[in-house]
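Place chain D on chain V using the hints.
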Amino acid sequence: DTGVSQDPRHKITKRGQNVTFRCDPISEHNRLYWYRQTLGQGPEFLTYFQNEAQLEKSRLLSDRFSAERPKGSFSTLEIQRTEQGDSAMYLCASSLEGRGEQYFGPGTRLTVT
Amino acid sequence: LAKTTQPISMDSYEGQEVNITCSHNNIATNDYITWYQQFPSQGPRFIIQGYKTKVTNEVASLFIPADRKSSTLSLPRVSLSDTAVYYCLVSGINAGNNRKLIWGLGTSLAVNP
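Quick mapping for you: the protein sequence lines, in order, are chains V and D. If you want the working numbering, it's the 1-based position in the first sequence plus 16. If you want the working numbering, it's the 1-based position in the second sequence plus 11.
If we strip away everything but chain D, and leave its shape as in the complex, we get:
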């Protein structure tokens, strides 16, 4: 059964770089990896998406090794406002031609002053 696995929680300090790794051993060839951020009582917010190698945008970088069995979300110089839950999502189309959406359980990141 395909699943994504990520650490339950992480602690960091303001100004540090934070790396959150998600394991997705059964990722399929056409699946994409997406990361979301969620604050309490809000819906998840898109951070970054990638297929392979490295993707960078204005808020984060996503590193995906050649075997694609894991991915690492990198948040540079975190601030207190980055305290949130971060979800890894593997998405694609399954064998029955249905949408596949495999969410991790989330990593609760606490940024301390």
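Pulled out of the complex, with its shape left as it was, chain V reads as follows:
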């Protein structure tokens, strides 16, 4: 297993466009997390899944954000009608249920112009 992967690594989009990011977790991990991180800040929790069920969404996750994890494997995070304030690194992490240790992907850096 090569760890958590994310695609794309970088995305530049114009304000108002929709973007979708993909995360492939470590195969035996049933928990998957999405975070957002801006420069000089720690990761901000957005949402997490246990298998295919989305168990929690942060208040940071506005209606323009949606995440899915069909079949409990990979996950997608979509941002609709992007705004400049959405520019950030979007991190995905996975873990085994009951274990606090999260394994992070390399992140997708989004720039909204």
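Simulated from the structure, these hints should not be mistaken for laboratory data. Do not take every clue at face value.
As the list claims (entries may be wrong) - Simulated crosslink set (EDC-like; lysine to aspartate or glutamate; CA at most 16 Å straight-line): (1) LYS73/V <-> GLU60/V; (2) LYS111/D <-> GLU72/V; (3) LYS111/D <-> GLU60/V; (4) LYS111/D <-> GLU117/V; (5) LYS14/D <-> GLU60/V; (6) LYS111/D <-> GLU113/V.
In this text, all values refer to a predicted model and were calculated from it rather than measured experimentally.
The following block gives chain D in isolation, referenced to the frame of chain V:
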């Protein structure tokens, strides 16, 4: 409001032991403490996790006093490659049975030759 507090930055020299302390005064009984390392343009990487007393692995030690209101990450004999940002995370389940993830703002460690 629960939060974790850690120094913004630290300087050290190669071969020295570095201790980074995180304050988490409102830690709950079932919360765990985890430390992560992050290099620029990469996702955080797990270093060590603990609940109480002392935990040691091949890269670091974690000291947690009896009241658990702080924790200290100890990096023995640092090298230039240990220059990174180190995050303290307090995790558990909150009163609403939701996942609690309280990240610090990170400590930027600079190791000098």
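Taking the hints in turn, this is what the structure says about them:
no. : hint                  : verdict
1   : LYS73/V <-> GLU60/V   : holds, 12 Å
2   : LYS111/D <-> GLU72/V  : holds, 10 Å
3   : LYS111/D <-> GLU60/V  : holds, 11 Å
4   : LYS111/D <-> GLU117/V : holds, 14 Å
5   : LYS14/D <-> GLU60/V   : holds, 13 Å
6   : LYS111/D <-> GLU113/V : holds, 15 Å
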